[in-house]
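Protein chains in written order, with my numbering: chain A, 367 to 545; chain B, 22 to 193.
No wet-lab data here; the hints were simulated from the structure.
Where is the CB? At the ideal position from N, CA and C, for every residue including glycine.
Any given hint might turn out to be false.
Label-pair ranges, simulated between beta-carbon atoms [unchecked claim]: (1) A:T408 - B:G149: 23 to 31 angstroms; (2) B:D156 - A:V428: 39 to 47 angstroms; (3) A:E421 - B:V106: 43 to 51 angstroms; (4) B:R101 - A:K431: 29 to 37 angstroms; (5) A:K400 - B:E88: 25 to 33 angstroms; (6) A:K400 - B:I181: 35 to 43 angstroms; (7) B:T130 - A:K415: 26 to 34 angstroms.
No farther apart than 20 angstroms at their CA atoms in a straight line, the calculated lysine to aspartate or glutamate pairs in the EDC-like style are these [stated by the list, open to error]: (8) B:K120 - B:E88; (9) A:K511 - A:D412; (10) B:K160 - A:D435; (11) B:K120 - A:D435; (12) B:K53 - B:D183; (13) A:K478 - B:E121; (14) B:K89 - B:D148; (15) B:K53 - B:D107; (16) B:K118 - B:D183; (17) A:K479 - B:D67; (18) B:K70 - A:D449; (19) B:K70 - B:D156; (20) A:K479 - A:E451; (21) A:K415 - A:E451; (22) A:K478 - A:D449; (23) B:K89 - B:E184; (24) A:K479 - A:E514; (25) A:K411 - B:D173; (26) B:K89 - A:D449; (27) B:K120 - A:E451; (28) A:K411 - B:E88; (29) A:K400 - A:D435; (30) B:K118 - B:D156; (31) B:K176 - A:D435; (32) B:K160 - A:D412.
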Amino acid sequence: MTSKSKSLVVAVVSSIAVLLIPAGSAQQVSGPFKVVQVTGLTGVKDHTKGSLDVENGQLHFVHSKASFDVSAASIQGIATRADSERAVGGTVGVMTMAAPYGGGRFLSLFRKKIDTLTVQYRDSDGGLHGTIFTMPVGAAELIKKALEAQGARTTAPGEATASAITAPSATPPNKEQNQ
Amino acid sequence: MKRLLNAAAGLSVIALVLAVSPLLAQKNKGGKIKASAIQVEMIQSDEIKLPAEFQVALYEHLIRQLEKSGSWHVYRDGDRNATGVDGLVILQSTVRKFKEGSERARQVTTVAGATSITVHCQFTTPDGTLLLEQDVNGKVRLFGGNLRATYDFAKKATHIADENFSTPGRGN
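So here's chain A without its partners, still in its complex pose (with noise of 0.2 angstroms):
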């Protein structure tokens, strides 16, 4: 590889890093909230994108094709925590750790902040269901708040543990649609 198209690569690589890092940082909080459900949700994909809402004592979550509602009165426990993700995620993100000089290695070291919002919740049959979200720092907290001011249980700051989170047997009756 000549001289030339090394300084291209490493001049591509630093492009798309300051692209990318204040995007990571600048996150508005406003609801609703754009937000990734990891897993959890029935019918929907892990790691689709999509907003996430608390309207009229429902967790509201919307994406390109169907919407997701649970009721504030069904949830059982929420936690949050503080995380991180890569900068460059996903499949872009695979592909760059073959790029050369340890490009990709390179672009790994870059992160963005993100809050990780845990919900457990039981179905009209007494089913226990769980769900993970990640979105913007400081919209988990906001979220937990307004569903805590809706009839929804929560855990204790700095609690946001497996333990602390356990779902107690009891069954109260919920609303869970999958439009």
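Using the hints, position chain B against chain A.
Frame of chain A; chain B shown alone:
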């Protein structure tokens, strides 16, 4: 002396047969335990501090993998429809070890930062009789986020269930 040794060996064989016979009684000809449905209980983590998203991801991936195998009717924790189901197996899982690695360390070094979870799985009857118990490990070594370890665990646990239980869905 030879007679004594023979008698001791005979007694040992009888004792072994007596100890194993309750387990054998529950198995069919293929060496598998008969079952028709499984109820997955929420993952417990009393001794280990496990983040809530890992607990939920373990539970949800386990249910999804069992459903995907197509051989079970899978009930969730607390599902009232599971009451009185014939041949129901309860799966109780307790986290024994958890090491949260770092995705960044994995991708930068390719050798460090692995996430691993060890879960003790117990398959019981609804009245609490133990059918099978085993430790199952989930790991993520290079690609993917830390939660991918929960998917690895679910696949392995489902494989163990499929290997040890005979369900109508598979016709064996």
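Each hint, compared with the structure:
Range check, A:T408 to B:G149: about 29 angstroms between beta-carbon atoms, so the 23 to 31 angstroms window is met. Distance hint check for B:D156 and A:V428: the Cβ-Cβ separation is about 41 angstroms, which falls inside the suggested range of 39 to 47 angstroms. Checked against the given bound of 43 to 51 angstroms, the beta carbons of A:E421 and B:V106, roughly 38 angstroms apart, lie outside it. Checking the proposed 29 to 37 angstroms range against B:R101 and A:K431 shows it holds: the Cβ atoms sit about 30 angstroms from each other.
The supplied range of 25 to 33 angstroms is met by A:K400 and B:E88, whose beta-carbon atoms lie about 29 angstroms from each other. In this structure the supplied range 35 to 43 angstroms holds for A:K400 paired with B:I181, their Cβ-Cβ distance being about 39 angstroms. Here the CB-CB span from B:T130 to A:K415 is close to 30 angstroms, well matched to the stated 26 to 34 angstroms. Between B:K120 and B:E88 the alpha-carbon distance is near 28 angstroms, which puts this suggested pair outside the 20 angstroms criterion.
Between the alpha carbons of A:K511 and A:D412 the distance comes to roughly 25 angstroms, so the proposed pair goes past 20 angstroms and is violated. The straight-line distance between the Cα atoms of B:K160 and A:D435 is roughly 33 angstroms, outside the 20 angstroms bound, and the hint therefore fails. Taking the CA atoms of B:K120 and A:D435, the gap is near 34 angstroms; set against the 20 angstroms cutoff, the hint is violated. Distance check on the hinted pair: B:K53 and B:D183 sit about 9 angstroms apart at the alpha-carbon level, within 20 angstroms; holds.
With a C-alpha separation of about 19 angstroms, the suggested pair A:K478 and B:E121 falls inside the 20 angstroms cut-off, and the hint holds. The suggested pairing of B:K89 with B:D148 is violated, with an alpha-carbon distance near 27 angstroms, which exceeds 20 angstroms. The suggested pairing of B:K53 with B:D107 holds, with an alpha-carbon distance near 17 angstroms, which does not exceed 20 angstroms. Restraint check: the Cα-Cα separation between B:K118 and B:D183 comes to about 24 angstroms, which exceeds 20 angstroms; the hinted pair is violated.
Taking the CA atoms of A:K479 and B:D67, the gap is about 29 angstroms. The hint is violated against a cut of 20 angstroms. Restraint check for B:K70 and A:D449: the C-alpha separation of about 17 angstroms stays at or below 20 angstroms, so the hint holds. For a cut-off of 20 angstroms, the pair hint linking B:K70 to B:D156 stands: about 18 angstroms separates their Cα positions. Restraint check for A:K479 and A:E451: the C-alpha separation of about 7 angstroms stays at or below 20 angstroms, so the hint holds.
Only pairs whose Cα atoms come within 20 angstroms are accepted, and A:K415 paired with A:E451 is accepted, the gap being roughly 15 angstroms. Restraint check: the Cα-Cα separation between A:K478 and A:D449 comes to about 9 angstroms, which is no more than 20 angstroms; the hinted pair holds. A distance of roughly 15 angstroms separates the Cα atoms of B:K89 and B:E184; the hinted pair therefore holds under the 20 angstroms criterion. For the proposed pair A:K479 and A:E514, the alpha carbon gap of about 24 angstroms is over 20 angstroms, so the pair is violated.
Taken as a hint, the A:K411 and B:D173 pair is honoured in the structure, with Cα atoms around 18 angstroms apart against an allowance of 20 angstroms. With a C-alpha separation of about 30 angstroms, the suggested pair B:K89 and A:D449 falls outside the 20 angstroms cut-off, and the hint is violated. For the given pair, B:K120 sits about 18 angstroms from A:E451 by alpha-carbon distance, which is consistent with the 20 angstroms threshold. With a C-alpha separation of about 15 angstroms, the suggested pairing of A:K411 with B:E88 holds against the 20 angstroms cut-off.
Our distance criterion of 20 angstroms between C-alpha atoms is met by A:K400 and A:D435, whose separation comes to about 16 angstroms. Restraint check: the Cα-Cα separation between B:K118 and B:D156 comes to about 10 angstroms, which is no more than 20 angstroms; the hinted pair holds. With a C-alpha separation of about 29 angstroms, the suggested pairing of B:K176 with A:D435 is violated against the 20 angstroms cut-off. A threshold of 20 angstroms between alpha carbons decides the hint, and for B:K160 with A:D412 the separation of about 19 angstroms falls inside it, so the pair holds.
Consistency note: the structure conflicts with the earlier hints numbered 3, 8, 9, 10, 11, 14, 16, 17, 24, 26, 31.
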